[in-house]
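Peer 1: Use these hints to put chains E, R and D onto chain A, whose structure you have.
Chains as they are written, first to last, in the numbering used here: chain A, 301 to 616; chain E, 301 to 616; chain R, 301 to 616; chain D, 301 to 616.
Just so you know, the hints here were simulated from the structure itself, not pulled from any lab data.
Honestly, I wouldn't trust all of these hints.
What the hints assert, rightly or not - Below, a list of computed lysine-lysine pairs in the DSS-like style, where the Cα atoms sit at most 30 angstroms apart:
#1 D:K514 x E:K321
#2 D:K321 x A:K437
#3 A:K514 x A:K321
#4 R:K437 x D:K321
#5 R:K514 x R:K437
#6 D:K595 x E:K595
#7 E:K602 x D:K321
#8 D:K488 x R:K595
#9 R:K514 x A:K595
#10 A:K602 x E:K433
#11 E:K433 x A:K433
#12 A:K321 x A:K488
All values reported here derive from a predicted model rather than from experimental measurement.
There are 4 protein chains.
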Amino acid sequence: MTDYTSFDIAHLGNVELFTPKFDESLWFFRDLLAMRVVAEDGDSVFLRCWDEYQRYTIKLTASDQAGVGRVTFRASSQEALERRVAAIEASGRGLGWRDGEQGVGPSFAFTDPDGHPMEIYYETERYVATDDKPALKNQASAFPGRGVNARRLDHINYLATSVEDNGEFVRDVLVGRESERIRQDTGKYAAWWFHFQNKSYDIVYSDDWTGHSKRLHHIAFAPDTREDILKAADIFLENGIYIESGPHKHTINQTFFLYVWEPGGNRIEFANAGSRLLLDPDQPVVEWSEEERKKGQAWGMKTIESFHTHGTPLVE
Amino acid sequence: MTDYTSFDIAHLGNVELFTPKFDESLWFFRDLLAMRVVAEDGDSVFLRCWDEYQRYTIKLTASDQAGVGRVTFRASSQEALERRVAAIEASGRGLGWRDGEQGVGPSFAFTDPDGHPMEIYYETERYVATDDKPALKNQASAFPGRGVNARRLDHINYLATSVEDNGEFVRDVLVGRESERIRQDTGKYAAWWFHFQNKSYDIVYSDDWTGHSKRLHHIAFAPDTREDILKAADIFLENGIYIESGPHKHTINQTFFLYVWEPGGNRIEFANAGSRLLLDPDQPVVEWSEEERKKGQAWGMKTIESFHTHGTPLVE
Amino acid sequence: MTDYTSFDIAHLGNVELFTPKFDESLWFFRDLLAMRVVAEDGDSVFLRCWDEYQRYTIKLTASDQAGVGRVTFRASSQEALERRVAAIEASGRGLGWRDGEQGVGPSFAFTDPDGHPMEIYYETERYVATDDKPALKNQASAFPGRGVNARRLDHINYLATSVEDNGEFVRDVLVGRESERIRQDTGKYAAWWFHFQNKSYDIVYSDDWTGHSKRLHHIAFAPDTREDILKAADIFLENGIYIESGPHKHTINQTFFLYVWEPGGNRIEFANAGSRLLLDPDQPVVEWSEEERKKGQAWGMKTIESFHTHGTPLVE
Amino acid sequence: MTDYTSFDIAHLGNVELFTPKFDESLWFFRDLLAMRVVAEDGDSVFLRCWDEYQRYTIKLTASDQAGVGRVTFRASSQEALERRVAAIEASGRGLGWRDGEQGVGPSFAFTDPDGHPMEIYYETERYVATDDKPALKNQASAFPGRGVNARRLDHINYLATSVEDNGEFVRDVLVGRESERIRQDTGKYAAWWFHFQNKSYDIVYSDDWTGHSKRLHHIAFAPDTREDILKAADIFLENGIYIESGPHKHTINQTFFLYVWEPGGNRIEFANAGSRLLLDPDQPVVEWSEEERKKGQAWGMKTIESFHTHGTPLVE
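One chain only, chain A, in its complex shape (with noise of 0.2 angstroms):
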């Protein structure tokens, strides 16, 4: 049995997206999620959320497709780098080391089951405020005021050919600890939570119903209120945003959720957990039957149909 007194990986450290309509994916992350701009390099962006503490949340890069990049992960300590490192290594998974960005220290690379490019890091650097110095000092810069104010990156919600052998790989060689999942009556896993502190999911699998692989179901950025996402939902609606599903609240987890498409394809959650966090060091893990999850969502709502048809890349 897998000790869960410590964590070997601190949070999710930042995400890659690409996208096939650059400008407006920019304006939707830098306009209407009010991120900033901290640097650009080459065909990418970089952009962060205003209580990120490292240099930047997002890597935003033209494409001809929309779809995931490299994800990484921040380890807890040079010690926790070096254990997992090795776990990966022995997992035949590693790609061997490199330089991180914007701040970012050297990173392992490696690959989940399905193909998704991963890195692994430990050293990085505190963001510094400039123009943007926060009027509190214990947040990493100023408050934007405008647009949804994401307070800071959630979760990746990745598409997998098989859920199993990926949640066994974060559960196994990442050692992230599962909080929920969903167990089809074929006994196949259809989705699986997994968090690495007290939030309650840092990382999910969810079934590709295609059978194509690496690809992304969704990322999601935490504002503080519930209030946040209705707002949130009204600057869409503004905006020409296309919201899919939400605001509601999900019956896993129990997030308050609003799902929307970027304009390059990629759906982007808000999500809000309340003051629920998962402090029991033996946490059980709640399962899921295909039929609960046919109620539809924790309100009512039932779950909409592209959940399962949109994934990006988008495939035929």
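Peer 2: Here is chains E, R and D on its own, set in the frame of chain A:
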């Protein structure tokens, strides 16, 4: 340097409160906070918050004076418990093993340097809902839908004759991590905040201006939203509960707060942190000067005078 | 052109609801909505919202079938009452004077063209709080601090065989002002919204697809905030009340809404308008086409099918 | 007895504010409140709230001193306008007709007994959105999604040498209806609240402790929710705007409030009334004694001292 890849203490377990007005205090916790009575034993009643995975949250005990009794901490594992017990014994503050109450397993008793009684345990029974079964099985019991609906205990703030001595005990023996502190011009700490996992604080020490020991500044509960706290203020207004300060936003750790005095005289806080979590394993400590403290709370409200004159038990 | 410098009708007075499950319906209004029982009379119970200045809000009556009984309107003055009574008599829909109930003075009975029973009155006794005295004397009674805490009745939405006939009656005889409407491609109205003072609607007619008459689509209560409505959804979830739709935001009149079915089958809405008021004495009517209506609600949720299949009493 | 079946004044029209720091004040209203500049004229700029049906809300004018200029009221109809003009002329306070600004039609100028300049009009052009077209056509212009997002102007609170004289003028000549008032032990009113339609107040007079005349206590805007006001506090904190008091809940009329001083020195309030409306045509006046006033605001916060020392223009 302490390694914070792991916390041997998972969270504050439960708190015993003394009250000279037992019936009125019971009404406050049961009827106004919507806590559920799970057991009675002699002069004590055990009450729980609706999303507490353990059996109880607060033990309320009739007494001559208000104040705080035994406070417990849950260890992250059996090994973590043993490590902390060894450290406590080495500190000379250990008092030996005793049986826990209400499903709590073997508990090791000790005191902090101020003399506050504490215990640490690992084994605990999960609460089994009966007529309070929740609609969603990832919740400990049904949402009460009345009163303040406090989801869970959040933190305890002790008064102590020496903030330094007690803070160092938490830091070195319990291995809590400091998040913020106030340093007076004299160099002495006026208050010191510690946390065990991702919450920004679980245990706090403030200077006891009276020179007495073993006193309480307040305990806090965590409702889900700031609106819950605004509604709580209306509920306390209607029920004649003394509202001491708030709703407002703390500068330190940025929690949205409301302070009231329960009928027995103990100060009770309702606190909401939004989506702010300390995810960074290297989070630097934030230190506030006497000068900065004079600015009051985040939105400018002066810190109320009685914060520095009222504690329990009351002293001359 | 009608002169809207004055409204002879001040507001919806109170509503009688029929229920085939009296005890369960009473539990819904009293325990879940936190309405107070002020009187009982035969098969009926009178309940009030906490900030209702009159004695009661809802008369709940045991019956074979769900549905709506007598609905009353309070006139703005004795002269206004007399003007409206004269107009109603001239329309041929008057039924004569009767005594009001529970402090309501002389009431003139009539029906709308669909046959829904209505009354208009001016004299009314103010509610005198006893053990529910509010802390602030500018409030009718104490804030209950439990359940949905519905502040006041908001509006009624009837079903009718002819939206036009009934709407014209409200417009011409009761002198309500239209705020919004849906016009089908055939030219017929699918729904028509009317208001008496600054609220954007008080009485609505929707097309009864069954061809039956005297039926109810829903009545609505006004909690103070959108968060109240989110909390209401949790309360209904925990208590097994069928949540039909929402929380979401209406396109029409932009109210934030939640629809549930009380145990007797009547549809109940909880609606919040924020700070949106119709202050303009010349507010133009907003007309929506069938095409626009297909876009669903404000944030994109499709209007639920049962909005066009469920009304009370139920018919084949 | 005045007949309140009809209000000849529909609502506060718009307000001219003077500022000795024009650029900073413009930044406050345009950038922090998200008001839109619709016209410039000499030393003045006209700005509008996003759901204002008329062209503008505030006329900001450079001046030596802060303070309030001309305040306008929209009549409910042409006849209502003529009735009020006749009454004003009869009171001896009329100054004659002049052209309105920015789409406002013929306006009749007058002063209240304190000498504050006022105008009344009926004709007005509706705002035509261009690049700020709203997604929903029942809204005046697009929701800005930044800053305080103030929906509309709410009320004005004047200082006056005689609360009684000015209040009687509003009551008898403008035919506003009193909602609440504070009566000092001497019998004199300290403040008097008046409303025109369902809002609980539109115009207020408070005692000017300096004996000067024509001064302003504050003007208020109405965001949609209490959360908007909490967010506003964060925005003002980050932008160095002086927060004078709140967020908190008023005892009088129960509005949730936040007071700041815009850079020019004028006090600006953000107020939310929830779903509280004065629907009762016979609403009794609520009078508060000096003793009651000492209890402070609804949740116990003492009324800030500067409420009785700061007004604009500043005087010795």
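Peer 1: All hints are to be evaluated individually against the structure, with a verdict given for each.
Peer 2: Each hint tested on the structure:
no., hint, in the structure
1, D:K514 x E:K321, "violated, 54 angstroms"
2, D:K321 x A:K437, "holds, 29 angstroms"
3, A:K514 x A:K321, "holds, 20 angstroms"
4, R:K437 x D:K321, "violated, 42 angstroms"
5, R:K514 x R:K437, "violated, 40 angstroms"
6, D:K595 x E:K595, "holds, 25 angstroms"
7, E:K602 x D:K321, "holds, 28 angstroms"
8, D:K488 x R:K595, "violated, 58 angstroms"
9, R:K514 x A:K595, "violated, 34 angstroms"
10, A:K602 x E:K433, "holds, 23 angstroms"
11, E:K433 x A:K433, "violated, 47 angstroms"
12, A:K321 x A:K488, "violated, 36 angstroms"
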